[in-house]
Structures are given as structure tokens and as C-alpha cells.
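Student: Sequence:
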Amino acid sequence: MPFMPSPASPAECPAPPARCAISARCARPSLRLPLLALCLLLLPLVMSCSGPPKTGVYIDLASQPVFYMDDWVRRGNPQVSVRPVTPPNRPLTALFVPFRVTQQMEKPGVVGLEVSRQIWQAWLSEKVFPVIEFAENATPYRRDLAMQMAALRGAQLLIGGYVTHYVNGGTSGDTKLSVSLEIWDVNTGQMIWAMGHAGVMEHQFANDFILFSAKARKPSDPMWAVTQTVSWDMAQEIKLWIDPPAPKGLSKEPAF
1 MPFMPSPASP AECPAPPARC AISARCARPS LRLPLLALCL LLLPLVMSCS
51 GPPKTGVYID LASQPVFYMD DWVRRGNPQV SVRPVTPPNR PLTALFVPFR
101 VTQQMEKPGV VGLEVSRQIW QAWLSEKVFP VIEFAENATP YRRDLAMQMA
151 ALRGAQLLIG GYVTHYVNGG TSGDTKLSVS LEIWDVNTGQ MIWAMGHAGV
201 MEHQFANDFI LFSAKARKPS DPMWAVTQTV SWDMAQEIKL WIDPPAPKGL
251 SKEPAF
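Residue numbers for the sequence shown follow the numbering used here, so the first one is 1 and each next one is one higher.
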């Protein structure tokens, strides 16, 4: 019968129990090194699938690695239905009135005023027009009343519009905003701009995988982030009208 060694008893263990326990704990990080290397290899894949948001990773050898992705505003291009053919030949002043909310909700005037103020502030930062006055105490946008106010205040342009869709999901739900903007020439009474735009920040759930987990991070005020993004996009359309780029093949500087 072949000899079969029996398991060593604690008394026969060549190393003391305390030393054996320390060796086991020291061996745990080495067992996680392959997992750490695999997670680092998967990081470019996670970043490429995440799109525009910034990504980060939190790795703890004693727990599951976590990939964090900053949530972002999903939107298309502004839908422009009316735009001027030629740029203005002089700096223009504008009166900005609060938008009218067309969606059924509580306190629509407060929502329209807040969205309008944020768009106005974003346009001030972008310097869309040299002067943009915000008529905070004006009634929600009505073209006939707003045109009279703009004429009395000496503005050359009237900026108004509508909030057509508004859902403030906070940090635990989807946030959506759709607006429609109009710009009128006060002197001629003609509409020179009509533009619609929308943005959404969806609530992303955590995804737990075998080797790692992925979580999305939202800003503290998602509606502010959506409104700022929508405002910036629309501002770029107006700025391209005021200061159009030089035609391709032509340079603003002399060639010789």
C-alpha cells in the first residue's frame, strides 16, 4: 500500500500560528494584482463607451474597483427655422423678457422666469449683444406687449420665447428642458430669429459587474447644467450671425 502523508496537525506546523496568519494577509494583495491589471486594461473601454463625460476610477485592493463617470447633457443641434441672411452692420441692443411656459404645471411663471434668467445670464457671459436688458418684472412673453416695452426702452431687438417642456428630476430622476426662442426687430416689427432647442440629463443607475462596478455622478443642480448647455448652444448660433467666419480659401490677413 503506498504511503499517504496525513495532514499536519497544528503542533507539527513548522511556523508559529501568528506567523502563518501574517503570511496569509500579506498574500491577499498579491492575489488581487491580476484583478487590478485587468481593471486597468478595461478602463479605456469604459471611457470610450461613456462618450463626452469625464471618467475616473477608485481602486481599493480590499474591495471591488469602482469606475465613476460624470453625467452629461444629451442634446442635438438647435433647430433654426428663421435666421437673417446678412449680419448686422452695427452693434445691437436687446430687451430680454421672461419666457412663457406652455406646459401645464404649478407656478409656471416662476419656472419661466428662472429659465429665462439663466439663459440671459449665459448670453451675458458669452457677450452675444453689447447690451441685453432683462425685464424681470414683465409679464410672461406676449409679443404685442413686449414690443411696446422694448420700443419705450429704446431697444433695437426683442428677445422672448416659450418653455415647452420642463421636467426637473433633481439628482434622482431625468431632467429635461425644451425651449423656443424668438428675436424681433423692434423698428420693422419683423421676426429675424426663430429657434428651438432641447436637452436632457438622464438618471444613470449603477452597473455592478464581476470585476468592477460603474457609477454615474450628477451635478448638484442638473436643471442648471441643462439650461446652461442649451443656452450656450443657442448663443453660438447668434454669434455666428453677428461675426460670421471668413469664407474658406480667404484670409483676413493680406497674403503678402
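In case anyone wonders, no lab produced these hints; they're calculated from the structure. Among the clues, some could well be false.
[Stated by the list, open to error] Listed below are the simulated BS3-like cross-link pairs for lysine-lysine, each with C-alpha atoms no more than 27 Å apart in a straight line:
1) Lys-218 - Lys-107
2) Lys-176 - Lys-239
3) Lys-107 - Lys-176
4) Lys-127 - Lys-176
5) Lys-218 - Lys-176
6) Lys-127 - Lys-239
[What the hints assert, rightly or not] Listed next, with one range per pair, are the computed distances between beta-carbon atoms:
7) Asn-187 - Gln-79: 22 to 32 Å
8) Lys-107 - Pro-87: 11 to 21 Å
9) Leu-145 - Arg-117: 14 to 24 Å
Just so you know, these numbers come straight off a predicted model, no measurement behind them. Built from N, CA and C at the ideal position, the CB exists for glycine as well.
Student: For each hint, tell me whether it holds in the structure or not.
Tutor: Comparing the hints with the structure gives:
For the given pair, Lys-218 sits about 26 Å from Lys-107 by alpha-carbon distance, which is consistent with the 27 Å threshold. For the proposed pair Lys-176 and Lys-239, the alpha carbon gap of about 25 Å is at most 27 Å, so the pair holds. In summary, the hint linking Lys-107 to Lys-176 is supported, as the alpha carbons are separated by about 17 Å, within the 27 Å threshold. Taking the CA atoms of Lys-127 and Lys-176, the gap is about 26 Å. The hint holds against a cut of 27 Å.
A C-alpha spacing of about 14 Å is found between Lys-218 and Lys-176, which places the hinted pair at or below 27 Å, so the restraint holds. Our distance criterion of 27 Å between C-alpha atoms is met by Lys-127 and Lys-239, whose separation comes to about 9 Å. Taken as a hint, the range 22 to 32 Å holds for the pair Asn-187 and Gln-79, whose Cβ atoms sit roughly 27 Å apart. Between Lys-107 and Pro-87 the Cβ separation comes to about 39 Å, which falls outside the hinted range of 11 to 21 Å.
The hinted range of 14 to 24 Å is satisfied by Leu-145 and Arg-117, whose Cβ atoms lie roughly 19 Å apart.
Comparing the model with each numbered hint stated earlier shows that hint 8 is the single one that does not hold.
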